[in-house]
Amino acid sequence: MAKRVELENRIIPYKMLYEAVKSTSGLIEGILPDKGIPSLRIGLKHLKSVMEEYIQKAREGLPIIGHHFSFPTEYLSCFDCVPVCIEAVSYLLAALLPHGSEKYYDLITNWGHPFHTCTSQKGTMGMTLDDLFKFDAIITPTAPCDNTYASYPFFSYHKKIPLIAPDLPFLKEEKSYHYHGEQIKLGLEALGKVINQEPDYSKLREAIELENQVTKLQLEIFELKKVKPCPVENMFNAMSAAAAIYLSGRTEKASFYNDMLEISKKRYKNKEHHAGEEKIRSIWPYMIIFFDLELGEWLDRHLGMSILFDIFNYNFAEPINTKSDLDTMLYGMARRSMEAPMVKQSAEFYYSFIDECVQLAKDYSADCFIFTSHIGCKQFGSVPQILREALRDEVGIPMLLIDVDVGDARFASEKIIRDKIKMFSQTLM
Amino acid sequence: MYKDPFLTASNSIKNHYIEDWQKDNKKIVGHYCTYIPEELLYAANLLPFRIRATGHEDTDLGDIYMVRFTCSFVRATLDMALRGFYDFLDGLFICNSCDHSRRMFELFDLKVFKREGFNKKVPRFYIAIPHIVTKEGFEWYKREIEELKEEIEKNYNNKKITDEDLLNSINIYNKNRSLLREIHKLRIQDAPKITGTEALQISMANSSVPKDIANQELERILNLLKEIEGLKTDAKRVMLVGSEVDDINFTKLIENSGANIVSDFLCFGIRNFLDDVKLEDGKNPLEMISRRHYYRISCPRMMDDHQRRLDFIKDEIKRAKIDGVILQRINNCDLAGCDNMLFSHELKDLEIPVLNIDREFFQADTTRLQTRIEAFIEMIS
Ligand code: SF4
Ligand code: SF4
Numbered sequence: 001m002a003k004r005v006e007l008e009n010r011i012i013p014y015k016m017l018y019e020a021v022k023s024t025s026g027l028i029e030g031i032l033p034d035k036g037i038p039s040l041r042i043g044l045k046h047l048k049s050v051m052e053e054y055i056q057k058a059r060e061g062l063p064i065i066g067h068h069f070s071f072p073t074e075y076l077s078c079f080d081c082v083p084v085c086i087e088a089v090s091y092l093l094a095a096l097l098p099h100g101s102e103k104y105y106d107l108i109t110n111w112g113h114p115f116h117t118c119t120s121q122k123g124t125m126g127m128t129l130d131d132l133f134k135f136d137a138i139i140t141p142t143a144p145c146d147n148t149y150a151s152y153p154f155f156s157y158h159k160k161i162p163l164i165a166p167d168l169p170f171l172k173e174e175k176s177y178h179y180h181g182e183q184i185k186l187g188l189e190a191l192g193k194v195i196n197q198e199p200d201y202s203k204l205r206e207a208i209e210l211e212n213q214v215t216k217l218q219l220e221i222f223e224l225k226k227v228k229p230c231p232v233e234n235m236f237n238a239m240s241a242a243a244a245i246y247l248s249g250r251t252e253k254a255s256f257y258n259d260m261l262e263i264s265k266k267r268y269k270n271k272e273h274h275a276g277e278e279k280i281r282s283i284w285p286y287m288i289i290f291f292d293l294e295l296g297e298w299l300d301r302h303l304g305m306s307i308l309f310d311i312f313n314y315n316f317a318e319p320i321n322t323k324s325d326l327d328t329m330l331y332g333m334a335r336r337s338m339e340a341p342m343v344k345q346s347a348e349f350y351y352s353f354i355d356e357c358v359q360l361a362k363d364y365s366a367d368c369f370i371f372t373s374h375i376g377c378k379q380f381g382s383v384p385q386i387l388r389e390a391l392r393d394e395v396g397i398p399m400l401l402i403d404v405d406v407g408d409a410r411f412a413s414e415k416i417i418r419d420k421i422k423m424f425s426q427t428l429m
Numbered sequence: 001m002y003k004d005p006f007l008t009a010s011n012s013i014k015n016h017y018i019e020d021w022q023k024d025n026k027k028i029v030g031h032y033c034t035y036i037p038e039e040l041l042y043a044a045n046l047l048p049f050r051i052r053a054t055g056h057e058d059t060d061l062g063d064i065y066m067v068r069f070t071c072s073f074v075r076a077t078l079d080m081a082l083r084g085f086y087d088f089l090d091g092l093f094i095c096n097s098c099d100h101s102r103r104m105f106e107l108f109d110l111k112v113f114k115r116e117g118f119n120k121k122v123p124r125f126y127i128a129i130p131h132i133v134t135k136e137g138f139e140w141y142k143r144e145i146e147e148l149k150e151e152i153e154k155n156y157n158n159k160k161i162t163d164e165d166l167l168n169s170i171n172i173y174n175k176n177r178s179l180l181r182e183i184h185k186l187r188i189q190d191a192p193k194i195t196g197t198e199a200l201q202i203s204m205a206n207s208s209v210p211k212d213i214a215n216q217e218l219e220r221i222l223n224l225l226k227e228i229e230g231l232k233t234d235a236k237r238v239m240l241v242g243s244e245v246d247d248i249n250f251t252k253l254i255e256n257s258g259a260n261i262v263s264d265f266l267c268f269g270i271r272n273f274l275d276d277v278k279l280e281d282g283k284n285p286l287e288m289i290s291r292r293h294y295y296r297i298s299c300p301r302m303m304d305d306h307q308r309r310l311d312f313i314k315d316e317i318k319r320a321k322i323d324g325v326i327l328q329r330i331n332n333c334d335l336a337g338c339d340n341m342l343f344s345h346e347l348k349d350l351e352i353p354v355l356n357i358d359r360e361f362f363q364a365d366t367t368r369l370q371t372r373i374e375a376f377i378e379m380i381s
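Residue numbers (the numbering used here), protein chains in the order written: chain A, 1 to 429; chain B, 1 to 381.
Just so you know, not all the hints are guaranteed correct.
[To be verified] Straight line, CA to CA, 20 Å or less: simulated DMTMM-like cross-link-like pairs of lysine to aspartate or glutamate: (1) Lys160/A x Glu146/B; (2) Lys114/B x Glu394/A; (3) Lys135/B x Asp106/A; (4) Lys185/A x Glu139/B; (5) Lys114/B x Glu182/A; (6) Lys175/B x Asp190/B; (7) Lys159/A x Glu136/B; (8) Lys135/B x Glu189/A; (9) Lys160/A x Asp165/B; (10) Lys175/A x Glu146/B; (11) Lys185/A x Glu136/B; (12) Lys172/A x Glu346/B.
Just so you know, the hints here were simulated from the structure itself, not pulled from any lab data.
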């Protein structure tokens, strides 16, 4: 028994998350009407069962593997392990619990991590400093930002956790896909050595096939958002971001998007909007606010503002060819990694990001853009003004720029953010 | 020394050496990073100029295009470029050194080179550098440099850069580095012959003039230094580590607080000249240039190489008899900030006095900084 607890205590934050998901889920079931915010209800249900499974696996002694969000979780399905996405833990905790990750941000900041680094990593770094996570190994591509290159060495140099870093080059070209594909392979092999397992590529293949199916569902939902009113509720964006990580490579993910697609189709047929009336259609080309999970719902209900999508919900990779040899699959995996949110925009000049935003604004009849300029993301620090000019000149719509830390309310609070959006929306009406 | 004609080239962006170079209708190209292989550019008869913002305190124009979470050094250089300070450049070489400087590729393209009244066509080049030090990474980097060579040939005169051009350039650059190392020896001796501020001036001037001329000047300075007495002072011997420093007001502030910066770990400092391009029989010179640039002592952008940087600092502490280390970062510089975080714990564990400070690129907040530095110097026993 003591051994089981010791093993399970290697992932204490997952136990915290499990409790948080369970109580939020219970609250929703108890308070909300049957049809209220389905994405939240369905998403949390799946998250709960996945968390439960991972805690059980930890109890059984499987290795705990930390990974960066740009190393897709499904790539780890070739091992029997408990995957922990470093960035997702910080932000899911911030989303579900009041002041959720702040204590851990402070711990690592007091230890010397600069205030301007990314909270997505800070949270889990603080938890690891406090020994709440005991990783057996960590894998991260060398992407998408300085925060990654700068922060991850903490795990290896201070906590002595083996760190594997498949290199991900700048610029999406054929040579880059081949190089990164090879790096993924070397990375998985190196990881296997650390945890004493051979990568099981057939399991990986299955997980990737599932992801290929999910992409089709996502694209269908994405297509439906073109219509007015948008048949998908704002909360979907947050839950979809969580699903992208925690449900990756699993049947629960397909089930989540399937259910959401059916609900959206029904709304589409009835020309129905989740919250009554859609008045403003916004695109968030960057992140939504993670510490304010309720913001999307508030925008839907109080301002009639749809968030058509955010950065985690408009980057779709080509399906990966799993039917050919391993190298072909690895090539496809490299392409997918390089199309991951943020990596996609960081691994190329930002001209195509600007063009894509302009095109999305047109195709989705957006009334405005809201750009959350996150303190961590220096690689986007020179984009907002250029984007604003392009949207003004080519589409004739405005962009609101908000300086935030998307994971920490103490930088710009819920109230400040909501007030800004409210004032901005008044100028649009 | 401050007034030495060579050293004064560090006070401004342009200097008379550059003007002489241009009189012969030769091209000057700018870059931000020591991972750009200057030897290759020089072999193509281009004068590499390391972009600086020395003495420039404004970031107003730069702030229009870069949010306030970005490095004030980079914003200052953009500000200068938008005001025309860098109009003399005939080329721009950018690499993914850090997230701030790499976006200069797009900003120079869209806002600097396309601004009203500026009609020169300025070629831009981009090099993708791996973030880890591995043999596969080296192969990647080597290929990038080979492609860069072709691009340079295409863009400037369509003339092949021969092995002989490269060897000639390597020899000039190796000589340059060896002279800088000689000067460094005189800086770290018990009675240092130059201050940290002078060393920084030498380094900045050296990065803004043709290297064959720089070599003559450095030789002259070296001979001069050999003749003079070293500084016999009680000042504490410190090592300066971290973000970009190209403003002597900052080093002066430290040295006026009772310290002598006898060594550093900066990219406008000794990191630049520690290793040479090794010439091996049968190996092509371009490969050897790539090898030196890739494997030399790294900067914090190399995420798997912190141990080597720490080992270097530890050795230098012994070699230069350092009393304390000042770790500094320009606000928003995540790379130096996080490397410094680790250094600060590691050095403290070795009982080496450490001060960890943040600052803006230009000299702001002087009183706070001075107080902290003075307190640190006092604390060093
Ligand atoms: S890209 Fe931005 S949000 Fe993502 S890890 Fe880097 S700094 Fe954080
Ligand atoms: S000081 Fe840091 S952020 Fe600024 S240019 Fe240098 S590495 Fe980049």
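Structure-based check of all given hints:
no.	hint	in the structure
1	Lys160/A x Glu146/B	violated (37 Å)
2	Lys114/B x Glu394/A	holds (18 Å)
3	Lys135/B x Asp106/A	violated (38 Å)
4	Lys185/A x Glu139/B	holds (17 Å)
5	Lys114/B x Glu182/A	violated (39 Å)
6	Lys175/B x Asp190/B	violated (25 Å)
7	Lys159/A x Glu136/B	violated (27 Å)
8	Lys135/B x Glu189/A	holds (16 Å)
9	Lys160/A x Asp165/B	violated (46 Å)
10	Lys175/A x Glu146/B	holds (14 Å)
11	Lys185/A x Glu136/B	holds (13 Å)
12	Lys172/A x Glu346/B	violated (38 Å)
Violated hints for the displayed structure, listed by number in ascending order: 1, 3, 5, 6, 7, 9, 12.
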